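Residues per chain, in single letters:
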Amino acid sequence: MKEFWRWVFIVLMTVAVMAPLLVQIVWSFAFRWHFPDLLPGEWGLNAWRYVFSDASRVGEALVNSMSIALVVSLLSIAVGLPAARALALDDFPGKGAIEWLLLIPILVPGVVTTMGIHIAFIRLRLADTYLGVVLIHLIPCIPYMILVMTSVFASYDTALEDTARTLGASAVRTFWHVTLPAIFPGLLVATLFTFLISWSQYVTTLLIGGGRIITLPMILFPFISGSNNATAAAISLIFVAPALLALVFTSHSLAKEPSILGGFGRM
Amino acid sequence: MTTVVLKNLCRRFGNVVAVNNLNLEIASGEMVAFLGPSGCGKTTTLRMIAGLLSPSAGDVIFDNRSMLDVPTEKRGAVMVFQKHLLFPNMTVGENIGFGLCMRGVKKQEINARVKEMLELVRLPGFENRRAHEISGGQQQRVALARGLIIRPAVLLLDEPLANLDANLRLEMRELIRSIQQEMRMTSIFVTHDQEEAVMLADRIALLFDGVLQQFDAPRAFYERPCSERVARFFRNENFLRGRKAGRCVVCETTRLTVADDGGRPDGEVLLTVRPEDVRIQDAGSENSVPARVQAIIYMGAYTQYLLDVEGRIWRALGPADAPHQAGDNVWLHLPPSRVWLLPASDRSSV
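As they're listed, the protein sequences go chains A and B. Under this note's numbering, think of the first position of the first sequence as 7, with each following residue one higher. Under this note's numbering, think of the first position of the second sequence as 311, with each following residue one higher.
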């Protein structure tokens, strides 16, 4: 009996997650679909044809989104990894304040900070540039990287590193052979987070990119607010693909790191 | 073969002085124990020798060469920890070969020497096991092999046996001792267990509160402790106040002769005899002190007497079929050669 309800739950969960996606797939192949028809009256590839045409700029946006998200993830690692390690393993004056400051970009809506930063970026000639967009994406991404990695480092023991050092490994080789393998599952999840946060930025890209830096959300949103449901569905399927792929690839690591969403140990 | 010299070594953490002006000379090939209660600075000292922690002041010298500017990986001082022993992402063989791999030794030679080491620690054929597939004791032996394979200048062991159960601990003690004597490498191990220190070490450095109390052969801590606190750490609780004049000590209830006064000046002293050296008698004799039996504890192979001597609690060992019971008045014969004198002013610091 217990087994039965378990399966009911699993099926319901799957339907809840997959149903909207299925609707999108149907929509993307619909040519005419009027209320109250259960399925489209006419099928067609118009939406997909448009998506793959040069006019849609989806290809350009895909390249931009992908490269920005990758650069942002790598920079988040470069900044967040040492910071998370220090926050988890060391004690220093002002540590509590820094932990709270790190939460602010998560608590304060991005629009608010971006408006202010926009003015500064115009002065610094960073507005309407690729670099400016990368920098503005780092603001919500770095805290997530630090939050996840702090909880990873909180349950990490440096004795193995010390052992490696005394066995003759330099600091760099110790990191490569000992530290990285130990934190890898957590780092993978944190990188997935930052990648997806950057991937789904809309307002910040719009403001700082000034319409010159085109990412996928910027192409998708006008279609959603407009009435071209088929095209919106097709683009959103492209938009959601990396998230689903990443989830499949990291599900093993996610399961292995139950503490990953714990954030700072005492918060 | 490396000599290790610690010169005026200090380490502060904020306002806390963890190691205070430590001076120590360890001979080549010697096995030294850093002994003391937790928080006495022994692990801190070990980390400074390894280069994992920099001293606040003082120097660490290997073979007449200061190590302060030498990074950990170039010192040749290998550290074996009590827990988190093996690299979890590597096999047993890869773990042991790690140090050689870091030195750029060829794969073939590494494999041959790993095999050799596994035999030395009595784990032949374990190369391809994973760390989590072997027991705690086996992990400990692999960790030891991983350190020994690079023939370290100095072997540092941080409570290497603390996580093992009693039987394994005995086995590991013997293994460490035999390997150390075979390879004759300078070794330092940290422990809070005085029995372990006595069994394994050529010399023991006893630390309290970051200060070196006594650096001596194990036997000296039993026969010639330097203070009441040191004697107490080695489970001696028998003390008596007296006034020393020459080889004679006058106490409240008796006069005692001392064979060796240890160069202590005349005046107030604290006299001590180890429980195993006290002889319980029914009548007074030369060099004896009156006592009253407070309790007799049966220990199997022997009995332990709790005695009242001039208002202090003493311990003594008697035969398993003790002829006395609580309340009896007895005399304790203290052989002159087993009586040792300590400075009297030590009491307040205990």
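Bear in mind the hints are in silico, worked out from the structure with no lab data behind them. Heads up, some of the hints might be wrong.
Stated by the list, open to error - What follows is a set of in silico ranges between Cβ atoms, one per label pair, in the way DEER data are often shown:
#1 A/Ala92 x B/Ser348: 22 to 32 Å
#2 A/Val118 x B/Asp379: 49 to 59 Å
#3 B/Asp379 x A/Ile125: 34 to 44 Å
Stated by the list, open to error - Take a look, some chain A residues computed to stay more than 10 Å from chain B by CB distance:
#4 Ile31
#5 Pro46
#6 Met72
#7 Pro111
#8 Thr120
#9 Ala165
#10 Leu166
#11 Leu173
#12 Ala175
#13 Val184
#14 Val209
#15 Pro228
#16 Phe255
#17 Ser257
Computed from a predicted model, the values in this text were never measured in an experiment. Where is the CB? At the ideal position from N, CA and C, for every residue including glycine.
Quick rundown of the hints versus the structure:
no. : hint                            : in the structure
1   : A/Ala92 x B/Ser348: 22 to 32 Å  : holds, 27 Å
2   : A/Val118 x B/Asp379: 49 to 59 Å : holds, 51 Å
3   : B/Asp379 x A/Ile125: 34 to 44 Å : violated, 50 Å
4   : Ile31                           : holds, 41 Å
5   : Pro46                           : holds, 52 Å
6   : Met72                           : holds, 30 Å
7   : Pro111                          : holds, 32 Å
8   : Thr120                          : holds, 41 Å
9   : Ala165                          : violated, 5 Å
10  : Leu166                          : violated, 5 Å
11  : Leu173                          : violated, 4 Å
12  : Ala175                          : violated, 5 Å
13  : Val184                          : violated, 6 Å
14  : Val209                          : holds, 42 Å
15  : Pro228                          : holds, 48 Å
16  : Phe255                          : holds, 19 Å
17  : Ser257                          : holds, 20 Å
The structure does not agree with the numbered hints 3, 9, 10, 11, 12, 13 stated previously, though it agrees with the rest.
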